[in-house]
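Chains as they are written, first to last, in full-length UniProt numbering: chain A, 1 to 318; chain B, 1 to 104; chain C, 1 to 292.
The hints are simulated quantities; they were obtained by calculation from the structure and are not laboratory data. Take these hints with a grain of salt, some might be off.
Unchecked claim - In silico DSS-like links for lysine-lysine, alpha-carbon gap of 30 Å or less: (1) A:Lys270 <-> C:Lys174; (2) C:Lys192 <-> C:Lys203; (3) B:Lys63 <-> B:Lys49; (4) C:Lys192 <-> B:Lys49; (5) A:Lys112 <-> A:Lys204; (6) C:Lys29 <-> A:Lys270; (7) C:Lys96 <-> A:Lys155; (8) C:Lys193 <-> C:Lys174; (9) A:Lys270 <-> C:Lys101; (10) A:Lys155 <-> C:Lys246; (11) A:Lys6 <-> A:Lys270; (12) A:Lys311 <-> A:Lys270; (13) C:Lys174 <-> C:Lys192; (14) C:Lys248 <-> C:Lys101; (15) C:Lys203 <-> A:Lys155; (16) C:Lys193 <-> A:Lys270; (17) C:Lys203 <-> C:Lys174; (18) B:Lys49 <-> C:Lys193; (19) A:Lys204 <-> C:Lys248; (20) A:Lys284 <-> C:Lys29; (21) A:Lys67 <-> A:Lys6; (22) A:Lys270 <-> A:Lys155; (23) A:Lys155 <-> C:Lys101; (24) B:Lys63 <-> B:Lys11; (25) C:Lys287 <-> A:Lys6; (26) B:Lys11 <-> B:Lys47; (27) C:Lys29 <-> A:Lys204; (28) A:Lys112 <-> C:Lys287; (29) A:Lys67 <-> C:Lys248; (30) C:Lys192 <-> A:Lys204; (31) A:Lys204 <-> A:Lys155; (32) C:Lys192 <-> C:Lys96; (33) C:Lys65 <-> A:Lys155.
Unchecked claim - Between beta-carbon pairs, the in silico distance windows are: (34) C:Ala28 <-> A:Arg212: 44 to 54 Å; (35) A:Asp208 <-> C:Arg25: 40 to 50 Å; (36) C:Thr32 <-> A:Ala108: 45 to 55 Å; (37) C:Gln272 <-> B:Asn70: 35 to 45 Å; (38) C:Arg25 <-> A:Ala108: 42 to 52 Å; (39) A:Arg212 <-> C:Glu60: 50 to 60 Å.
No residue lacks a Cβ here, since even glycine has one placed at the ideal position from N, Cα and C.
Spelled out from the first residue to the last, the chains are:
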Amino acid sequence: MPNWSKLQTRSFLESSARERALGLVDEGTFTELAGPFDRMSSPHLVALGEAVEFDDGVVTGVGRIGKRPVFVISQEGRFIGGAVGEVGGAKMVTTIDLAVAFAEELRAANPKIAADELPLVAISFETGGVRLHESNAGLLAHAEVMDAFQRARGKVPVVALIGSRIGCFGGMGFVAAATDVIVMSEFGRLGLTGPEVIEEEMGKDEFDASNRALVYRTTGGRHKYIMGDCNFLVDDRVAAFRAQVAELCRLPVADFEQFRRIGSAALVEKQMRLVALAAEMQPKDAYDVWRRAGNNDPAGLGDAPVDDFRKQAQRLSV
Amino acid sequence: MALNTLEFDCKAEAASVRLAAPVHYGVVGSGDLEVILEPCDLGGGVKVKVTTPISGFDAVWRKVVETFVNRARLADVAIDINDNNASPAVVSMRLQQALAETAA
Amino acid sequence: MDTLIGQGLVALEMIVDPGSFQRDRVGAKEFTDESYGPGAVVGTATLDGQTVTVIASDAEAFNEKFPVVYAGIIGMEEGYKMASAVYATLAADVDKPAAQKRPLVLIVDTPGNGPGKVEEIFGMNKATGAYQLALAEARMAGHPIVAAVVGRAISGAFLCHGLQADRIVALDAKFGTMIHVMPLTSVSRIIKKNIEVLEELSKSNPVFAAGPQFFYQLGGVEALVPEIEGLRGAVIEQVAALRAAKAKGEATGPVGRAALGAARGGRVTRPQVAARMTAEFAAVADKYRPHA
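Here chain A stands alone, though its shape is the one from the complex (with noise of 0.2 Å):
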């Protein structure tokens, strides 16, 4: 095992999976579901003489912060980039059903429960969405991890931890969207369609793969929290994402509504107004909309120390 204390002082842009999973939750608390030692690897990748992984890329379990017990489930982007097949899918969804269980069950042994006492998912983002050569079971636990947070509102919070290698794309794209809060560093990106393939359908012209900073700027942990897409963006430690779930795990499961930027028909109407926006200027540049947000100066915001950024960053509201 890491040590844990150490584990705190780490980036979480350089945190493997399980490292992620372990210090985001308290010292010593960390009981891991479906291992390595299980040794679920897919058995998809056995047949295409693919290398395969025991935990097939998502490390998933339960710890607590406080009293709370926290579902972990975290992404291992050096795994086939943190592609979602069979298993990990199956992990995915089996936590998140796993923590709404334990919540009713509280719930009923004892109606006064503690907010604090209940269940919480956090999940570490890192993937590109669906695993090709498993791409129609894939595909399918897609579905099934949506499916199962519309049952997760309203008992158990689900909040998105962004700020790894692989940021965040494809059908976890939108599968990150649908959870209750989303906590990014400036490190992580989140979208639906990845950088190269905006650059193959648009021409290098219009948008240039291998611009990072053009990259960063339309994806990145600023621009979504700009846009308030994330709610929070901390620092790339694994401390702060830790202290920011830390916070959440105060607040009852209510509360978490008012994070959301989809999920009712009134959020919708608000998204709409976005668009609405997005088709009255047109933007040749993220900046640009930084600057109809009320920052006058986008580069050197995008430049300036993620502290000041916070400080000083204007977000949009339409």
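Position chains B and C against the provided structure of chain A, taking the given hints into account.
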């Protein structure tokens, strides 16, 4: 095209080090591997299983793992590796790191 | 007629009661702006006499504001328009008991979600996510939702418009019906595996090959419809079956399809993983109860 599995047994010359608990280490990235070391009653020997998409390096695997087992003087351990084209140097390093985790 | 690809609106008219489709009206909501999300067609019809909400893609439409939207692509406006139609359906039947809530019929022929820079800047992922959550909410509220795949059901667009339905029927592959994440040729190129080998493997394992029959084996679609003329009957039959299934509390939607995938032998690992995790958690659950 199926994944290759290589299995063999070996025994350290001065086998004396036993594991207190199983350990898992590593991520199966490109050019990398993960390993599980588990205590297992094998009459002082070591059992090895390597799962890898690459074939034709049986002798190299045997040499690298045997060297590790001898140096660490391991006894009664099952070694289970998922490999994705790791170099012998990386294999060696990951095995050492896995063992260091058990001591931590 | 040998295909319905690109003819979602023709399929729509064939499925609902003749002449009953009223475009742009769902319950009390009217979609008055014709230029808004033209790739999405929403409205109300009757199906065997029952009032239903219908949602389809229009392959002929082009979204002038968001030029990545054509040929049935679901863009940001389309995604939110579809989601609005679902919420309007929920609102229309809010006071009715679950058993009387109107069905939703999704006519599926869509090649993808809008890929573009503006879409990423404003968050296309939210639009499709919003529609999926709305469908899941309506399904859980009791509305029977049937998706009929009549043409293309591709990757994220199928996730968005189809896979949150209670039940999915798909027209047989002989009509060109496409259900996949990527064609096998692209999969072959990206995962660097020989196409012939993949084709051979797909005979015994349905998890990566393109086609409705593979999704059938995985439980990803409930039924294949052998003839175009059978679509209307298949949808009516599923709505009736769903009323009964929902009344009994049977699993439908993605959960029901997971069970179906196991029963059909296509997704057998999934339940093993779930069972293992459930047993492992049960063994430690006490540690996570209050005052433990």
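Practice task
Evaluate the given range 50 to 60 Å for the C-beta pair formed by Arg212 (chain A) and Glu60 (chain C).
Solution key: violated (39 Å)
Problem - Pair hint outcome, Lys270 (chain A) versus Lys155 (chain A) [Cα-Cα no greater than 30 Å] - result: holds (24 Å)
Handout entry: Given hint Lys270 (chain A) paired with Lys29 (chain C) - CA-CA distance at most 30 Å
Key = holds (17 Å)
Practice task
Check the following: the C-beta atoms of Thr32 (chain C) and Ala108 (chain A) are separated by a distance inside 45 to 55 Å.
Solution key: Cβ of Thr32 (chain C) to Cβ of Ala108 (chain A): about 47 Å, so the range 45 to 55 Å holds.
Handout entry: Agreement of Lys155 (chain A) and Lys246 (chain C) with the hint, judged by alpha carbon distance not exceeding 30 Å
Key = holds (22 Å)
Problem - Agreement of Lys63 (chain B) and Lys49 (chain B) with the hint, judged by alpha carbon distance not exceeding 30 Å - result: Answer holds: Lys63 (chain B) to Lys49 (chain B) is near 14 Å, not above 30 Å.
Practice task
Would you mind confirming whether the straight-line C-alpha gap from Lys287 (chain C) to Lys6 (chain A) stays at or under 30 Å?
Solution key: holds (25 Å)
Practice task
With a cut-off of 30 Å on the C-alpha distance, tell me whether Lys174 (chain C) and Lys192 (chain C) pass.
Solution key: holds (29 Å)
Practice task
Compare the distance between the alpha carbons of Lys29 (chain C) and Lys204 (chain A) with 30 Å, and conclude whether the hinted pair is satisfied.
Solution key: It is violated: about 42 Å lies between the C-alpha atoms, which goes past 30 Å.
Handout entry: Asp208 (chain A) versus Arg25 (chain C) beta-carbon gap, inside 40 to 50 Å or not
Key = holds (45 Å)
Handout entry: 30 Å Cα cutoff - pair Lys67 (chain A), Lys6 (chain A)
Key = holds (23 Å)
Practice task
For the pair we were handed, Lys270 (chain A) and Lys174 (chain C), check the Cα-Cα distance against 30 Å.
Solution key: violated (43 Å)
The structure fails hints 1, 5, 11, 15, 16, 19, 20, 27, 29, 31, 32, 33 and 39 (numbered hints given earlier, in ascending order).
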